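**Student:** Here's the letter readout for the chains.
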Amino acid sequence: MADFETRLFVLSLLFFVFGTFSALCFSRRDKWANIFAHSSALVGGLLGTVAASLVLATKQPISVTAWTIVSDVTLRFKVDTLSAYFLFVISVLAVAVSVYSIGYVTEYYGKKPIGWLGGGLNLFLLSMVAVITVDHSVSFLIAWEFMSLLSFFLVMFEHEKPETRKAGYVYVVMTHFGTVFIILSFLTLFFFTNRLDFQSFTQAASDLPASVKNIIFLTSLIGFGTKAGMIPLHVWLPRAHPAAPSHISALMSAVMIKTAIYGLLRVNYDFLKGGATWWGAVVLGIGVLSAVLGILFGVAENDMKRFLAFSSAENIGIIFMGLGASLLFRSYHEPLLGALALTALLYHVLNHAIFKGLLFMGAGSVLYATHTKNINELGGLIRRMPWTAVLFLIGGMSLAAFPPLNGFMSEWATFQSLLHLSFSLHSPIWKTVGGLAAATLGLTGAFVAGSVVKHFGTAFLALPRTSHAAKANEVPLAMRFGMVVLAGGTVVFGVWPGLVLRMTNQIVENYFHQSLTGHAMLYVPFHRSVESISLGWMTIIFLAILLLLIALLRVSVGKSNNHYDETWNCGTPLVPTMEYTGTSYSHPVLMIFKRLYGIERKIDVQGEYAYYPKRIRHRLKIEAIIETKLYRPLIRGTVWLSQRLRAIQNGNLQSYLAYMIITLIVLLLWIR
Amino acid sequence: MEQWIAMLLLISAIWLLQIRKISDSVPILAFQSFVLALMAGAMWYETKLSHLFVAALLTLIVKAIIIPAILHYTIKKIDVHRRVERVTSKYTSLLIAIILSVAGFYVTSRLHLPSTKFGAPYLPVSITLMFLGTFIMIDHKKALMQGIGLITIENGLFLVAQSISYGMPMMVELGVFFDMLVTVVIIGILSFRIHSTFESLNIEKMSNLKG
Chain U
117 MADFETRLFV
127 LSLLFFVFGT
137 FSALCFSRRD
147 KWANIFAHSS
157 ALVGGLLGTV
167 AASLVLATKQ
177 PISVTAWTIV
187 SDVTLRFKVD
197 TLSAYFLFVI
207 SVLAVAVSVY
217 SIGYVTEYYG
227 KKPIGWLGGG
237 LNLFLLSMVA
247 VITVDHSVSF
257 LIAWEFMSLL
267 SFFLVMFEHE
277 KPETRKAGYV
287 YVVMTHFGTV
297 FIILSFLTLF
307 FFTNRLDFQS
317 FTQAASDLPA
327 SVKNIIFLTS
337 LIGFGTKAGM
347 IPLHVWLPRA
357 HPAAPSHISA
367 LMSAVMIKTA
377 IYGLLRVNYD
387 FLKGGATWWG
397 AVVLGIGVLS
407 AVLGILFGVA
417 ENDMKRFLAF
427 SSAENIGIIF
437 MGLGASLLFR
447 SYHEPLLGAL
457 ALTALLYHVL
467 NHAIFKGLLF
477 MGAGSVLYAT
487 HTKNINELGG
497 LIRRMPWTAV
507 LFLIGGMSLA
517 AFPPLNGFMS
527 EWATFQSLLH
537 LSFSLHSPIW
547 KTVGGLAAAT
557 LGLTGAFVAG
567 SVVKHFGTAF
577 LALPRTSHAA
587 KANEVPLAMR
597 FGMVVLAGGT
607 VVFGVWPGLV
617 LRMTNQIVEN
627 YFHQSLTGHA
637 MLYVPFHRSV
647 ESISLGWMTI
657 IFLAILLLLI
667 ALLRVSVGKS
677 NNHYDETWNC
687 GTPLVPTMEY
697 TGTSYSHPVL
707 MIFKRLYGIE
717 RKIDVQGEYA
727 YYPKRIRHRL
737 KIEAIIETKL
747 YRPLIRGTVW
757 LSQRLRAIQN
767 GNLQSYLAYM
777 IITLIVLLLW
787 IR
Chain Y
1119 MEQWIAMLLL
1129 ISAIWLLQIR
1139 KISDSVPILA
1149 FQSFVLALMA
1159 GAMWYETKLS
1169 HLFVAALLTL
1179 IVKAIIIPAI
1189 LHYTIKKIDV
1199 HRRVERVTSK
1209 YTSLLIAIIL
1219 SVAGFYVTSR
1229 LHLPSTKFGA
1239 PYLPVSITLM
1249 FLGTFIMIDH
1259 KKALMQGIGL
1269 ITIENGLFLV
1279 AQSISYGMPM
1289 MVELGVFFDM
1299 LVTVVIIGIL
1309 SFRIHSTFES
1319 LNIEKMSNLK
1329 G
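Same order as they appear, the protein sequences are chains U and Y. Under the working numbering, the first residue of the first sequence is numbered 117, with each subsequent residue one higher. Under the working numbering, the first residue of the second sequence is numbered 1119, with each subsequent residue one higher.
Hint data in this document are derived by calculation from the structure and do not stem from the laboratory. On a predicted model such as this, the values are computed, not experimentally measured, just so you know. Be careful, since some hints might not be right.
[Said to hold, decoys possible] Pulled a few chain U residues facing chain Y out of the computed Cβ check, cut under 8 Å:
no.	residue
1	Pro-580
2	Leu-761
3	Ile-764
4	Gln-765
5	Leu-769
6	Ile-777
7	Leu-784
8	Leu-785
[What the hints assert, rightly or not] Here are a few chain U residues that sit away from chain Y, every Cβ distance over 10 Å (derived from the structure):
no.	residue
9	Thr-291
10	Leu-541
11	Leu-746
12	Gln-770
All C-beta atoms in this analysis are idealised placements derived from N, C-alpha and C, irrespective of residue type, glycine included.
So that you can see chain Y by itself, here it is in the shape it has in the complex (with noise of 0.2 Å):
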């Protein structure tokens, strides 16, 4: 069960990089999102911490439901339905993407992390995420895609406090909940201004703002 999650939070993330349109993105965060939910309620129903319960509930709501819903609506709003831009070719992004998941994998295993009894199996997966996110964040030319690469991020560091400790103290977990949601509304005004005065959403443009 949790090696299938696992492998489809996985599985997600190569996809993220090997999308067509910056649209097709929503969808597959969304289902990454609604996989992380079902983990942690799986968890709860595995630990009966009722906590885990609140985190999958809001998981849910914010990130498979309120943040796919706001950047679909941006994405409709600048009308940018076409093909996405990398700073590689999409096969080198895939092969990147591999290796990246290999070292993910090699380094938690290296590095003997403490973890619980029905976390363990997502310790490499969760830090592979990250990985990922970060290198959305750097193929990715498009501004729109940087902040899925940073809500991707935020899933993998959700999923390394679920599998260390079964996730962060209540507090923590909702402040981190409200600033995804503030940073994708801002993400979503910023792509809209940075495509108003631009005409483009090509982040390499805004190095000519540099002095």
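Pulled out of the complex, with its shape left as it was, chain U reads as follows (with noise of 0.2 Å):
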């Protein structure tokens, strides 16, 4: 039967190619090119949903050679179980997402070339595809290259304005940066195993003495790392991520960044096969330090998609504390353990794709209604919008681990093999080290919760604060619909947990010969011996307690009765914008981490008496540590040894004969 998927898997690369032209050929109408784009993205994505599914479910990988480009460089897709898990999180956002589409492009309607928006969409969409699937390092760089353009063009689209073109210059060279690592570790493993392919990879690589691992280990986190907007290579996610189009921002947030992911899991655990324990700790370190540094400046932020961006560094964080975790558990010898944990990140890699989607495309909502993403100039939004209002909640409901939403499910394995560490690992450094990494978690938690009502709370509670919220109309229903597909699949991974172990089981049984599977709803027997949660029981102990705070508030308080009356202002009238704002709501906590936003606070005073003010106007300017004390001397040092290196390219004409000569020289010297 794997000839079926087969088809199925090459009828949807081909519905994505399709799209491409197409909406090329239409570049002229808007509205055809919008058509053919999307709903060819859509089927492709439907196509490559069923594709991985069947895979998932037979367990039979399938391989499509393409192209042979070169007589050992072969341009193949081979869908293997970790590949087409991949393929179902990518396709299924590719579902919702050209759904979404289909409204949110109207905007550009007349003023930007719709086909090439649609088509770069198509071809984003083919590209990832390729980077999760093909077996060949060539074809796998191509692709990845192709990956990072096509999003910096698509990043690059609303190029004029001048925050754009700032944002899509520091992500081109990120990227670029990141990929020199890659080829870095794919150029070592092919000097030691003198080939190219990732089969021979998976065979050789393992045999590889520690030193060349280690080389390959680090280039590969530095690389991958830098595409998934890890700390301290964040830097281009908040900055990308509200300078492209809505749609693209999820796609790029959701699932371009869990690219890296699967590279990162191919590299260590299908060549690498595991190695030493440091590794284990570097990625968790890292974990850490993505998860809690990102949402710390996530919390500042007033701007909905910089926000989202920053919660997406630290759900990387998390997903990062999962795979080092389970890269600890793999080199102490405890399969199940580190079966757990695998569990545990390639679950949040689909739960973090789902509600991050959902959420962008939530504020791409509030985007194309108000036009503007600072929450300050929102609010009421509820009752103009009351779908996206409520999808949005739901999104940032799972995005701060409410059970029983998937945000959840996912956080919790990974609190689970946390504490494991301290728990089953005897050496006291993992004892305190894991304790230490699951209170970050919660710290995490709490401060994802805090921002998800702030920015709720602005943007759609209260009274519109600007016309621009005043006038805003509920978004066309396709867009409605495209991210109900994402909250129901919220939902359904929320509450139905085992559905993604049997997905999963085959990848970790792979690596760990481990099974973990889940077989009830609502409930997820991870392993006889390892903790199991079930979801029904915590909604009646949630309930339980909830019931039984309203009891004892009853009881202590008294029956409640409400007084409405008016609000005593000092004698001037109540106007929307006195409403409490985001920069208020976060201010506590700016002020408790001072140190590391390097805050900067100006209050100006204007008036004759400093009582009597005319005018209050209070400035805050945050310069996150990150960026001056790591990037601004980076940069500097680069420009410096560059001012230097210019002084052989000093335009004599002698000094480049000079070169010619001695190189020639040293040529003829040298071989023999």
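Each of the two chains sits in its own frame; use the hints to bring them together as a complex.
**Tutor:** Next comes the structure, spelled out in structure tokens:
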């Protein structure tokens, strides 16, 4: 039956190709380009979802040779279970995003070339599918570069804005920085195995000397980590995501950064088959750093999409924590716990893709309706955009890991694996580190919940602060439908973890020879000896606590009685701009972590008397410490070095001749 | 016999680095090309390959007579009978020239290039000629001397071709001679223009042009 799945997979790729070309053909007619591009992306996504599910169900890898580029370099697609899992994630997002885009791109009608946007989207999806399915390092790198460049062009779609150009520039520099390290890692593999295809790497790489494996691990970590957006290589995330059109940022944040996780899993598990203990420690450390710092920077943001971008860095941190824990367990020969950690990270990959895609679409809907991302200019949207509000809230609750939504399940599994670091490894170091990591994950969760409340509360509740928000209308049906698909996903994958476990089971079994499966709904029996969790019980306990609290409050406070009256406002009329803003909401956190943000606060009081000011201006300048302390000196150093190097390029004919003859003589002496 | 000719070529190339006035370079160049023609003629005499005779004749006419004549005319026209200017001092340039010659001989001995029976003795000298020609271009500051260095490199290349396979195919040989002629004419015109623009032939002043 593998034949059938192969056909589906190829057909899905062909639909992406068709979408690209048909959109470009109709680039003169916005409406046609929109319909052709996004409907073929939709069909491609649906076919991809089915193909991936079938591969995961039958556990039969499929392989298609498309093109032999040179005798040893082939473009071959091979979908094994790991690829299929990521293919599933990409395809689900492709479905939701392409439906959403049909509505979203109407905003650009007549202003921007829809054909190029739609075609770019299709090609971007195709390149991402290629990245996770090709099994040759050369074609992988080509696909990877395609993905990076296409996402760069899509980020630059609104290139007439100077900040977009700046963001695009930072992004393209960072992504190429990462690609250099990925190439280095593959070249190291090539030097020691003399082959370029993944299959040879799988067979030969685990026998390499430890030092070579360390090099491969570090280069791949830096290379893929840059794309994933781990701190401190995250600087492109909060710039590129807000600059891109919202459906593109949804895809980039939800799926593209996950291809880096795929790369890390491929290299560390498939090729190297685990390694030294410090690998896990390094990954875990980066994970903790990314999670805490990512959300701390995110808390301060008033721009919805910038906050979501920082939260992506935070979620990548959580995924890295899972990866670190699973590498640690592997090096300590604890297959069962390693399997648990790997399951947790794979689960979180899917969940983050779903809820972050949903949230970016929600932010995009707000942007579509109000033309602003700044929450301090919004307010009261829940009355005008009830659908968007509810769907954004579902995504936000999932982000904040509220049961029974999906974000909770995977974070819980990550928690378990971190706690097992301290319970099951008999070393005082890991006992401390595991506990601390779990504690920081908890801290992260609290900040996330706070930020979600801030963004939802400021943007959707209260009264509109500006006319932007007051004039907002509910977004078109297609956009709502795209979001509903993913909101359904948050619920399904939240209450039915067994479904995901069935998908990840084979991957986990390949690497750890342990089976973790769940059958029943609402129940995750990870394994007999590992804790399981039942969402049914969870809900009951939560409800019980809630009821108990209400009862307690009733007993202690008494029957609540509402009394409506006017607010006393020192005699001035009440206006919506007096509402509590997002800035004030996050201010306490900013003050606590003042050092980290490098806050510069300035209050200007204008007017003759300080007690009767005509105008008060409050300015808050945040300069993230990573950028000032790490990137500025690095950039300055690079510029300095380049200027020194420029001395060689002096424009003098005689110097060039001298370089040539010196090179010639050295070459003649060197060769035999 | 071959050794003597090779030595004369080498001496003429080093001599080009030691001249006092720019106008001195023209007779030396003519002498170098004349020796080259002599060598090709000797090779023709021993191998009886007819195209070697054509090469010898062309070398004599183009390189030993026409090119020096053009250069002489240019120098007379722009009146640079003054001393040459070098980047290094006279003795340093001699030292570098010797080092380059040694390098040329050493490199050739290691390379095991294929060579013909009558051409083998010229191989090290030909490579050294190329090195020295480049060094002439590097060392001298006057624009005209770049052209002379270029012709020396060309002579070296001609010699390599002769010693490895009794010269290049006739068509290529003719093409190279024609190129050479055109190059020298252009160098002459350019030197004239540079002189009239900058009131000097010093190419260091040309770096003012770069953006």
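**Student:** Go through the numbered hints given earlier and state which of them the structure violates, listing their numbers in rising order.
**Tutor:** 1, 2, 3, 4, 12
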